[in-house]
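Asks: Sequences and hints are given; from them, build the entire structure.
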Amino acid sequence: MRALAGVEDEEKWLAEGIAGIQHNAFFMHRALDANNLREVLKYSALMLSELRTSKLSPQKYYDLYMRAFDQLRQLEIFFKDESRHGLPVVDLYELVQHAGNILPRMYLLCTVGSVYIKSKQAPSKDVLKDLVEMCRGVQHPIRGLFLRSYLAQVSRDKLPEIGSDYEGDANTVMDAVEFVLQNFTEMNKLWVRIQHQGPGTVREKQEKERNELRDLVGKNLHVLGQIEGVDLEMYKETVLPRVLEQVVNCKDKLAQYYLMECIIQVFPDEYHLQTLEALLAACTQLMPTVDTKIVLTQLMDRLSNYAASSPDVLHEFLQVEAFAKLSNAIGKVIDTQLEMPIVGAMTLFVSLLTFTLRVHPDRLDYVDQVLGACVVKLSSVPKLEDSRAMKQVVALLSAPLEKYSDIVTALTLSNYPRVMDHLDDGTNKVMAMLIIQSIMKNDSCISTADKVEVLFELIKGLIKDLDGTNVEELDEEDFQEEQNSVARLIHMLDNEEPEEMLKIIYVVRKHLMTGGPQRLPFTVPPLVFSAVRLVRQLEAQGGNIAGEDVPATLRKIFQILNQTIEALSSVPCPELALRLYLQCAEAASDCDLEPVAYEFFTQAFILYEEEIADSKAQVTAIHLIVGTLQRINVFGVENRDTLTHKATGYSARLLKKPDQCRAVYACSHLFWVDDPEGIKDGERVLLCLRRALRIANAAQQMVNATRGSSGPVTLFVEILNKYIYFFEKGNPHITPSDIQSLIELINTEMLSDNGNTTIHSDPFFSSTLRYIRFQKQKGGVMGEKYDSIKL
Amino acid sequence: MNYLLGAFKPACNVSITFSDGKNRKQVPMKKENGQTALVPLFHSQDTISGKVCIDPYQGKKVEHNGVKVELLGQIEMYFDRGNFYDFTSLVRELDVPGEIYERKTYPFEFPTVEMPYETYNGVNVRLRYVLKVTVTRGYSGSILEYQELVVRNYAPLPDINNSIKMEVGIEDCLHIEFEYNKSKYHLKDVILGKIYFLLVRIKMKNMDLEIRRRESTGAGANTHVETETLAKFELMDGTPVRGESIPVRLFLAPYDLTPTHRNINNKYSVKYYLNLVLVDEEDRRYFKQQEITLYRLKEDTSS
Chain B
1 MRALAGVEDE
11 EKWLAEGIAG
21 IQHNAFFMHR
31 ALDANNLREV
41 LKYSALMLSE
51 LRTSKLSPQK
61 YYDLYMRAFD
71 QLRQLEIFFK
81 DESRHGLPVV
91 DLYELVQHAG
101 NILPRMYLLC
111 TVGSVYIKSK
121 QAPSKDVLKD
131 LVEMCRGVQH
141 PIRGLFLRSY
151 LAQVSRDKLP
161 EIGSDYEGDA
171 NTVMDAVEFV
181 LQNFTEMNKL
191 WVRIQHQGPG
201 TVREKQEKER
211 NELRDLVGKN
221 LHVLGQIEGV
231 DLEMYKETVL
241 PRVLEQVVNC
251 KDKLAQYYLM
261 ECIIQVFPDE
271 YHLQTLEALL
281 AACTQLMPTV
291 DTKIVLTQLM
301 DRLSNYAASS
311 PDVLHEFLQV
321 EAFAKLSNAI
331 GKVIDTQLEM
341 PIVGAMTLFV
351 SLLTFTLRVH
361 PDRLDYVDQV
371 LGACVVKLSS
381 VPKLEDSRAM
391 KQVVALLSAP
401 LEKYSDIVTA
411 LTLSNYPRVM
421 DHLDDGTNKV
431 MAMLIIQSIM
441 KNDSCISTAD
451 KVEVLFELIK
461 GLIKDLDGTN
471 VEELDEEDFQ
481 EEQNSVARLI
491 HMLDNEEPEE
501 MLKIIYVVRK
511 HLMTGGPQRL
521 PFTVPPLVFS
531 AVRLVRQLEA
541 QGGNIAGEDV
551 PATLRKIFQI
561 LNQTIEALSS
571 VPCPELALRL
581 YLQCAEAASD
591 CDLEPVAYEF
601 FTQAFILYEE
611 EIADSKAQVT
621 AIHLIVGTLQ
631 RINVFGVENR
641 DTLTHKATGY
651 SARLLKKPDQ
661 CRAVYACSHL
671 FWVDDPEGIK
681 DGERVLLCLR
691 RALRIANAAQ
701 QMVNATRGSS
711 GPVTLFVEIL
721 NKYIYFFEKG
731 NPHITPSDIQ
741 SLIELINTEM
751 LSDNGNTTIH
761 SDPFFSSTLR
771 YIRFQKQKGG
781 VMGEKYDSIK
791 L
Chain W
1 MNYLLGAFKP
11 ACNVSITFSD
21 GKNRKQVPMK
31 KENGQTALVP
41 LFHSQDTISG
51 KVCIDPYQGK
61 KVEHNGVKVE
71 LLGQIEMYFD
81 RGNFYDFTSL
91 VRELDVPGEI
101 YERKTYPFEF
111 PTVEMPYETY
121 NGVNVRLRYV
131 LKVTVTRGYS
141 GSILEYQELV
151 VRNYAPLPDI
161 NNSIKMEVGI
171 EDCLHIEFEY
181 NKSKYHLKDV
191 ILGKIYFLLV
201 RIKMKNMDLE
211 IRRRESTGAG
221 ANTHVETETL
231 AKFELMDGTP
241 VRGESIPVRL
251 FLAPYDLTPT
261 HRNINNKYSV
271 KYYLNLVLVD
281 EEDRRYFKQQ
291 EITLYRLKED
301 TSS
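In order, the protein sequences belong to chains B and W.
Note that UniProt numbering has the first sequence beginning at 1, numbered continuously upward.
Note that UniProt numbering has the second sequence beginning at 1, numbered continuously upward.
Because the hints were derived from the structure by calculation, they are not lab data.
Derived lysine to aspartate or glutamate pairs resembling EDC-like cross-links, with alpha carbons at most 20 Å apart: (1) K194(W) with D130(B); (2) K232(W) with E94(B); (3) K460(B) with E477(B); (4) K188(W) with E94(B); (5) K55(B) with D283(W); (6) K129(B) with E244(W); (7) K42(B) with E234(W); (8) K55(B) with E282(W); (9) K194(W) with E94(B); (10) K460(B) with D424(B); (11) K60(B) with E209(B); (12) K194(W) with E133(B); (13) K236(B) with D269(B); (14) K194(W) with D126(B); (15) K188(W) with D91(B).
Replies: Here it is in structure tokens:
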């Protein structure tokens, strides 16, 4: 009926009910004032009869109940005062039972009962037992629930708990517990039964209404949790088994879920710990539709917090083998609840893992065990597609990283990579990034090849294309960031021991080489530099590795380097490769390995010739080559000549005249190394410079012809500076007259061309002249040299 | 008017007092006019003694052909109203014929009177005890005065008092088992019991326990049976589930009950029944009736 009625009707009924209560309460109060017991009972029963309605929703009924409740307080005061009604309370207790309707009768009985207990004329346990028994007469779920909640409320301060007035003699705390348990059991039954009322069409509404009532039931558990004197023994032997029995037997998902939650919240942590077995056993017996994972999660969270609260309690966890029990229970729940989505199982594992990390941070095997169980579960289902589940797995994998703040620990977990295998590629990458970030954040150094191997296995999502990845889908920026991270990671792989470091490099290389052309430009440079660092370390130590002589080892490393850089050709990425070759050449030079260095140069030149086509790139490359070559002093005359010749040749063949010019005058340095053992071939320097001048001239003429780009006067000034440099360094082939004539040349050029070029080259030229003047004035050896130059 | 009234008034005032009137317990009794009066209470084997006082009005004399007091036990059937069947009749002659001029008192005594039946006021029958004083006069009609008594008889505690236990039900619909702790209750007793629900397939509104009185009068073809429900006591609200047991605790004191009377002088019987009634949501009633025996237990002297 109620389901069909509108809200309006309900309001009306509620108003009627309230009016009825007020009306009868008025007469009741009059009788109270007159101390007329008979009338009091009559009108209070009439008033309470309003609560017999079936028309109201729980919420409205509660409203009504509260109004009656207020009146009952007045009644109780009256009952308490024997002088007002003249009856001993025991007679009163009988008298109220004469009421014909059960609901008013029971409310009155509870009210008198509470007075009866207070009077201590009867043992509280007897009265409580009687009340809780007699309430059985009200089987209507909502009315029964409210009645029993009234009983719970009036009896709350009269339980024979320890330290209370009502404890003692035959009344023990056990009686209090017994009473509350029984009331709880009955209330829960009533609560569960609400769902069987009314037609199925209003199921949803009923669920909602039931939910509103749940705290009435849960209140009992709170009381149980608060009763003084319930020690662990009693909790273990009586309270928990009885409560759990009710929870399991009621076979109602709403109730089971809520009550388990209550149990976990209201009782102390240490009790939970000691009764873990029973609690978990109950969890596995819940209805399949119950969200057991949340229940378990809450339990584990509580226990974790408990463990975290004080280190003193940790031994308790060990004592009861908390981990094993939890782990078993979770396994069982996952096995039995087939419908549980994978995300649920993962959530459970995350909780368990969190628990483990908090309680047993030293037990890596436990962590591994959890991950192992997770792997088993994941293997049993097709590839993960649920994004929420994925998130949980990421959380699962991140937890150890955060806890140990040291990736090295995670690397020892054998199941860790196996879990990662179950992630989809995107998530796998996210996870890999997390791992790398963790390493970066903690600045942890991975120092053995084995660990590196594992680590690369973990982050292989970043290292290479996984099957089925659609390359085009990748976001360019993300990809770059990922690869940069990998590059940074490579720098974290370090070991003081060259032997181990070499192994690490082998491993890294092995993995990186699988990365494909997209990744190599990012990953090869760090690897190369890492290797070069090792080379320099070895060279500095001059020591041996495993009996091999150093050069052999070095040669091996260089060989690897060579191969590694060669891999870049597949990209292709010639500029980068060129730079790396030059780096290696320099390193090889420092190690006095002439052929190796030569080889690298050869490679660089080949690249230059064959791969670098862009003129700007060529300019840059030439300058790099020249710069490097200039510094390298390992080469014999012949080799060096070949290389310098080549370099100069390339310089002269650059596309643009100014570039040619600059490259050529740069080449001049190849023949004049400013250190004691360096080559000093003044003649060839001069040749270079003259050649540069010729080119500059040609450029000048071209500009004159076309009236375009920047002034070749600049080139002349630059060349002038080179002249001055070599002049100062004491190149005998550079004479003051050369400089003199060059200055004049520039002056002439400037006169003939007073266009834009003047403005441009003026400051540079004038500061050059100023420098010369300064040197002249300074006197001394340098001054004398400059003496002959006339400005 | 006063003298006129006086003309029709009886010549004297007759009153009956009991010798232990001040100590004797009085109980309320409903009179025919609906009012309740307090009436002295007797038990079988009591000695009924007292005084009859005849007080002529001022200046009048009473001539009479004798004064007597009778103790009558009468059964009156309402379909035969006014016709009393006396099952007990004791007489004491108090005075020989003569004249009374002034107040005169006669003591009387009926020693250890056998009053086997209790006073009873039913629907169709009543049983009463009465003291009747007759001042016999010739032509002007006798002067009569009545004094009602209430007789209650105590029964000893029954030797055998089994509980009532029974399983009843409607096939595939409702099975219950009920149990009342006794089959014989005294009038201030408490009925304790339990109702077990073994099978519940109907939706119930409530369950009541009724006390019904069945009064049968007459005999043979003239038997009249009258049933009254004296108590309706709600035991349960709502529908229980299988396995539920509902407690019964019914105090008999508040109800106006009499002991069970069986075949009183072949005139009538009064029997009591406990009727367990289940009402379903469509207001259908399912019930089971069980006879109980009520008896009067000697109360404590204090009460």
